[in-house]
Amino acid sequence: MHPLLRRIQHTFSVGVTGVSEWRGDVSVTVTRDKLREVAQFLREDPGMDFDYIVHVSSVDWPDDEERFEVVWEFYSIRKRQRIRLKTRVPEEDCVVDSLTDFWKGADFMEREVYDMMGIRFRNHPDLRRILMPDDYTEGYPLRKDFPLRGKGWRDTFDFLDEVPR
Amino acid sequence: MAFEDQRTTVYKVNPEHPESETLPTLRTEELLLNMGPQHPSTHGVLKVILELEGERLVKSTPVMGYLHRGVEKLAEDGTYHQFIPHTDRLDYVCAMYNNFAYCRAVEKLLNLQVPERADYLRTIVAEVQRIIGHQFWLSAQALDIGAMTVFFYCFRDREILLDWFDELCGARLTTSWYRIGGVERDLTPALIDKLKQFLDYFPPKIDEYQVFLEKNRIWLGRTKGVAVISAEDAVSFGLSGPVLRGSGVDYDLRKYEPYSAYPKCEFSVPVGKNGDTYDRYWIRVMELYESVKIIRQCLEQMQEGPIMADAPSVTLPPKERVFTNLEAMIQQFKLFSQGFDAPPGEIYCGTEAHKGELGFHIVSTGGGKPYRLKIRAPSFIHMGAFDHMARGYMISDACTIFGTYDIVMGECDR
Numbered sequence: 009m010h011p012l013l014r015r016i017q018h019t020f021s022v023g024v025t026g027v028s029e030w031r032g033d034v035s036v037t038v039t040r041d042k043l044r045e046v047a048q049f050l051r052e053d054p055g056m057d058f059d060y061i062v063h064v065s066s067v068d069w070p071d072d073e074e075r076f077e078v079v080w081e082f083y084s085i086r087k088r089q090r091i092r093l094k095t096r097v098p099e100e101d102c103v104v105d106s107l108t109d110f111w112k113g114a115d116f117m118e119r120e121v122y123d124m125m126g127i128r129f130r131n132h133p134d135l136r137r138i139l140m141p142d143d144y145t146e147g148y149p150l151r152k153d154f155p156l157r158g159k160g161w162r163d164t165f166d167f168l169d170e171v172p173r
Numbered sequence: 005m006a007f008e009d010q011r012t013t014v015y016k017v018n019p020e021h022p023e024s025e026t027l028p029t030l031r032t033e034e035l036l037l038n039m040g041p042q043h044p045s046t047h048g049v050l051k052v053i054l055e056l057e058g059e060r061l062v063k064s065t066p067v068m069g070y071l072h073r074g075v076e077k078l079a080e081d082g083t084y085h086q087f088i089p090h091t092d093r094l095d096y097v098c099a100m101y102n103n104f105a106y107c108r109a110v111e112k113l114l115n116l117q118v119p120e121r122a123d124y125l126r127t128i129v130a131e132v133q134r135i136i137g138h139q140f141w142l143s144a145q146a147l148d149i150g151a152m153t154v155f156f157y158c159f160r161d162r163e164i165l166l167d168w169f170d171e172l173c174g175a176r177l178t179t180s181w182y183r184i185g186g187v188e189r190d191l192t193p194a195l196i197d198k199l200k201q202f203l204d205y206f207p208p209k210i211d212e213y214q215v216f217l218e219k220n221r222i223w224l225g226r227t228k229g230v231a232v233i234s235a236e237d238a239v240s241f242g243l244s245g246p247v248l249r250g251s252g253v254d255y256d257l258r259k260y261e262p263y264s265a266y267p268k269c270e271f272s273v274p275v276g277k278n279g280d281t282y283d284r285y286w287i288r289v290m291e292l293y294e295s296v297k298i299i300r301q302c303l304e305q306m307q308e309g310p311i312m313a314d315a316p317s318v319t320l321p322p323k324e325r326v327f328t329n330l331e332a333m334i335q336q337f338k339l340f341s342q343g344f345d346a347p348p349g350e351i352y353c354g355t356e357a358h359k360g361e362l363g364f365h366i367v368s369t370g371g372g373k374p375y376r377l378k379i380r381a382p383s384f385i386h387m388g389a390f391d392h393m394a395r396g397y398m399i400s401d402a403c404t405i406f407g408t409y410d411i412v413m414g415e416c417d418r
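These protein sequence lines are chains W and V, in that order.
Position in the first sequence (from 1) plus 8 gives the number in the numbering used here.
Position in the second sequence (from 1) plus 4 gives the number in the numbering used here.
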């Protein structure tokens, strides 16, 4: 097992639900309530030192009990190592803690996840839509149940020809 | 909208002075200014709401998404091969590097080895694209600040390379030349000659660009000490590429997570000190010299060999065979319409594009289409630091800051 993963598993006996290493990518899955603790450990522990946030992403698994997966990717400038942090969020309670106070760049990235997947971030300073218009009401485009062509809002524009569907 | 609570302050001039009792009160309030969406220096359609105190920026809020086309959603609908032309339209100034980053990510997912010659070809073309990108950036940034001459000089030289692309793959901007497992076609001897000529022609021209700017008081005044960001903040914001290196952080994926032919080339990574616009400019100009060096070494080291990996279930058959051989044509058709069977798994693969780290996060559940494809676009992440970097500077510096990120809205909004 990768030394990073061994260390994390050793430190968090509860909360870490899965670790994996595939194609050289190291990945840790944690429960939602332990997210901030693990993130703080990744940020501040000298052996981890993940000071650079690479991106925040989200995956929709409609058939799973906990439908959404939020994915953070971190890098350490000094240690030159990468790690992926994942957590699952159920659809009924679509909220996860924001990590903006650890990594400032998480601000826009989390807003994008909220915009595209509808996952809310607790304590985010400015959680608004970022790519879609502010008054967009059709839902969250990257969810799997969102049709590729949208839900018909586009057809209401009088300056566009109606799209045959 | 979020800005209805605009603050209004009314205070008396010089309240301690007795005379002020008789003076009328001076009303000052913060001014909201919409910059964009149609503004020449926003490099696309981007709106920024600027809160001003006099001419100083107090807060700026980028409003993005005018160019959002749902590329990530489209990726889930097409096969892996079909997505390559979509990547051209992300950062449309530097299509080659997007193709490259995407192909590398898919190859990592498939665990596919690219033949050596293809690696060299990829590196050469990627560095040519980096030169084009930096020339475009330099001309646009100088034009935003008011130095028009550099624009013409850069575009003159950029044209040579765009024509070279045209000859290589039939397109100047939306190239789609990279393929999963290799490249679409080889460099002809004529193209190699032309490139060598360019490499001799180009370095004196870089000196020329520098003379225009580095002796220019206006340029120095408008770049030195403008939009300073500390190394710690730059890292925390996730900035990458020249913007991060300008703050003195040595982070270049070509060096520290080497790929393609980069480990076989000798080049240095210029790193700035002050984290201001001038240092970021300096880094990009130095990278032009480094790119020339890398291309030279690649041309020297490159040996004959195949340009496509030997994995017929994944890679496309060569075009000559597609037009003459029935099986090859069926194979090509099936690869595009149904795709290949990717293994289930999840990868992230970052590539050092000229703007910064361009990454693809692909989740596969098997089958011919990606289950989820997330693009880590450097322009988008750089915009996250805009407010932080613009605070306290003049309104005219807002243009400088757009320029210094080298943002392209196609990539930012996806």
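Don't read these hints as lab results, they were simulated from the structure.
Heads up, a few of these hints could be off.
[Claimed, not checked] One side of the interface only, derived from the structure: several residues of chain W facing chain V at Cβ under 7 Å:
1. D33
2. C102
3. L150
4. L156
5. F167
Where a beta carbon is used, it is the ideal one built from N, C-alpha and C, also for glycine.
Numbers of unmet hints, in rising order: Structure breaks hints 2, 5.
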